[in-house]
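Engineer: Sequence:
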Amino acid sequence: MRYKAVIFDWDGTLADSTGGIVMAMQYAANKLRVASRSDFDIQQIIGLGLAEAIQTLWPEHESDEKLVSEVAGAYAEFYMSDKRPPINLFDSVTDMIDDLRSTQHKLGVATGKARRGLTRALQETGLSHAFHETRCADETRSKPHPLMLEELQQVLGLDVSEMVMVGDTQFDIEMGKRAGMSTIAITHGAHTHEKLTQAEPDYVVHSIEELHQCLR
Numbered sequence: 065m066r067y068k069a070v071i072f073d074w075d076g077t078l079a080d081s082t083g084g085i086v087m088a089m090q091y092a093a094n095k096l097r098v099a100s101r102s103d104f105d106i107q108q109i110i111g112l113g114l115a116e117a118i119q120t121l122w123p124e125h126e127s128d129e130k131l132v133s134e135v136a137g138a139y140a141e142f143y144m145s146d147k148r149p150p151i152n153l154f155d156s157v158t159d160m161i162d163d164l165r166s167t168q169h170k171l172g173v174a175t176g177k178a179r180r181g182l183t184r185a186l187q188e189t190g191l192s193h194a195f196h197e198t199r200c201a202d203e204t205r206s207k208p209h210p211l212m213l214e215e216l217q218q219v220l221g222l223d224v225s226e227m228v229m230v231g232d233t234q235f236d237i238e239m240g241k242r243a244g245m246s247t248i249a250i251t252h253g254a255h256t257h258e259k260l261t262q263a264e265p266d267y268v269v270h271s272i273e274e275l276h277q278c279l280r
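Heads up: the sequence shown begins at 65 in the numbering used here, then just goes up one per residue.
Because the hints were derived from the structure by calculation, they are not lab data. Since the structure is predicted, the reported quantities are computational estimates derived from the model, not experimental observations. One or more hints might be untrue.
Think about it this way: if two alpha-carbon atoms lie no more than 20 Å apart in a straight line, the pair counts; the simulated EDC-like pairs of lysine to aspartate or glutamate are [what the hints assert, rightly or not]:
no. : residue 1 : residue 2
1   : LYS259    : ASP105
2   : LYS241    : ASP266
3   : LYS68     : GLU203
4   : LYS95     : GLU141
5   : LYS147    : GLU134
6   : LYS241    : ASP223
Cβ pair distances, simulated, as ranges [said to hold, decoys possible]:
no. : residue 1 : residue 2 : range
7   : ASP146    : GLY190    : 28 to 36 Å
8   : ASP159    : ARG66     : 28 to 36 Å
9   : GLU126    : ASP163    : 42 to 50 Å
10  : PRO123    : ASP162    : 40 to 48 Å
11  : GLU129    : ASP163    : 43 to 51 Å
12  : LYS147    : GLY221    : 22 to 30 Å
13  : LYS68     : SER133    : 36 to 44 Å
Just so you know, even glycine gets a beta-carbon here, dropped at the ideal spot from N, CA and C.
Let the hints inform the model, and build the full structure from the sequences given.
Structural biologist: What follows is the structure, encoded as structure tokens:
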């Protein structure tokens with residue numbers, strides 16, 4: 065395959081950050097004394113915007129805007145603190161990004177993170193200047209709505225046939241398909257191989273090295 069632009073999800077795709085997200089949500093649940101949820105259940109909402117993730121985990125509180133906001137605030141408190149484990153990139157991410165940039169690919173990020181969280185993550189991993197454009201869930205629509213990809217397409221000035229969405233969750237694949245883009249699922253993140261294949265991605269890879277080969 066040959067694309068002019070590659071749009072990456074962040075958590076669970078480029079960054080091995082699933083554990084930190086689970087810890088932050090468990091902290092928020094304990095602080096606000098809402099019903100406990102398993103680590104696995106929390107993994108299943110990774111990729112959604114924070115409010116949508118909270119409403120999905122606790123549908124009984126879906127209409128309680130005050131509580132949703134308080135849980136989101138507690139989550140952010142933990143995630144932006146030193147209590148969260150360091151964010152580590154998956155092996156070979158930097159090499160892949162450097163190579164794709166050297167071959168004139170446009171690179172973007174479409175993430176369920178808030179802008180504040182993505183900015184810190186990019187700084188922490190040394191990738192602040194690696195991407196041509198990024199979109200976060202708090203400045204557009206949450207996945208799987210395609211709006212953030214449509215906005216990236218407009219900024220990059222490319223046709224959807226020239227772009228591919230890469231992610232580790234069903235939400236990423238569904239968003240890409242709704243935007244009319246090709247999709248690549250990577251299996252080392254939040255959702256299982258079985259759940260990813262249910263979303264019918266165009267390609268499935270199991271590591272950054274395999275993804276790099278696929279894109280090149």
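Engineer: It remains to establish, for every hint, whether it holds in the given structure.
Structural biologist: Against the structure, the hints:
1. With a C-alpha separation of about 13 Å, the suggested pairing of LYS259 with ASP105 holds against the 20 Å cut-off.
2. Under the criterion of a C-alpha separation no larger than 20 Å, the hint pairing LYS241 with ASP266 is consistent with the structure, at around 9 Å.
3. This hinted pair does not check out: LYS68 and GLU203 have alpha carbons roughly 25 Å apart, beyond 20 Å.
4. Distance check on the hinted pair: LYS95 and GLU141 sit about 11 Å apart at the alpha-carbon level, within 20 Å; holds.
5. Only pairs whose Cα atoms come within 20 Å are accepted, and LYS147 paired with GLU134 is accepted, the gap being roughly 19 Å.
6. Between the alpha carbons of LYS241 and ASP223 the distance comes to roughly 14 Å, so the proposed pair stays at or under 20 Å and holds.
7. Restraint check, ASP146 to GLY190: a C-beta distance of roughly 19 Å breaks the suggested window 28 to 36 Å.
8. About 19 Å separates the C-beta atoms of ASP159 and ARG66, a value inconsistent with the hinted range of 28 to 36 Å.
9. Between GLU126 and ASP163 the C-beta distance comes to about 44 Å, which sits within the given range of 42 to 50 Å.
10. The beta-carbon spacing between PRO123 and ASP162, approximately 43 Å, falls within the hinted interval of 40 to 48 Å.
11. For the pair GLU129 and ASP163, the supplied restraint of 43 to 51 Å holds, since their beta-carbon distance comes to about 45 Å.
12. For the pair LYS147 and GLY221, the beta carbons lie near 41 Å from each other, so the given range of 22 to 30 Å is not met.
13. Range check, LYS68 to SER133: about 40 Å between beta-carbon atoms, so the 36 to 44 Å window is met.
Checked against the numbered hints above, the structure violates hints 3, 7, 8, 12; every other hint is satisfied.
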